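Construct the complete structure from the given sequences, taking the supplied hints into account.
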Amino acid sequence: MHNKIFRLLTILFFTIAVIFIIDQYIKSLFVDGWRYYTDCIDLILVYNKGVAFSMFAFLDESLKYIQSVLIFGILLYIIYLREVCYAFPAGLMLGGAFSNIYDRFVHGGVVDMVYWHCGFNFAVFNFADVMIDVAVAWILLLNFKPKLCKN
14 MHNKIFRLLT
24 ILFFTIAVIF
34 IIDQYIKSLF
44 VDGWRYYTDC
54 IDLILVYNKG
64 VAFSMFAFLD
74 ESLKYIQSVL
84 IFGILLYIIY
94 LREVCYAFPA
104 GLMLGGAFSN
114 IYDRFVHGGV
124 VDMVYWHCGF
134 NFAVFNFADV
144 MIDVAVAWIL
154 LLNFKPKLCK
164 N
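The numbers in this note's numbering rise by one with no breaks, and the one at position 128 of the sequence shown is 141.
Since the hints were derived computationally from the structure, they do not count as laboratory data. The model shown is predicted, which means the values in this text are computed figures rather than measured ones. No false leads were mixed into what you were given.
Calculated pairs, DSSO-like style, for lysine-lysine (alpha carbon to alpha carbon, straight line, at most 30 Å):
no.: 1; residue 1: K62; residue 2: K77
no.: 2; residue 1: K160; residue 2: K17
no.: 3; residue 1: K17; residue 2: K163
no.: 4; residue 1: K158; residue 2: K17
Shown next as structure tokens:
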């Protein structure tokens with residue numbers, strides 16, 4: 014039993030750390046001034062004060078504390094589940110989430126940089142957002158296909 018928890022925590026925290034480091038490195042490039050423009054995608058610096066599509070920006074400073082509580086709740090729930098198959102996707106999600114929360118504390122908003130405008134304008138997003146989306150899809154798949162989660 015302890016081996017299972019050790020494996021879960023190792024995978025979870027290693028994944029969180031790797032995603033956090035990669036995302037913060039990418040964001041530092043843009044904070045330092047790097048930009049790139051094309052016909053479909055611009056790589057620009059935008060500080061998002063809200064969540065997806067700038068929703069809840071009116072919560073201002075409170076948003077980072079609300080999100081912190083939610084993220085730590087998710088972390089505790091994943092540990093409580095003790096299912097190793099959730100460790101990697103949860104690590105992707107939590108690594109991205111911790112990185113975005115870190116931005117709120119350091120920069121006053123989430124550092125976003127990928128702006129899609131080919132055919133239609135889409136929200137500006139970052140690597141952490143992509144990892145969170147991948148993780149949510151993965152976790153949903155595990156929930157709808159429990160056979161994929163073997164002990």
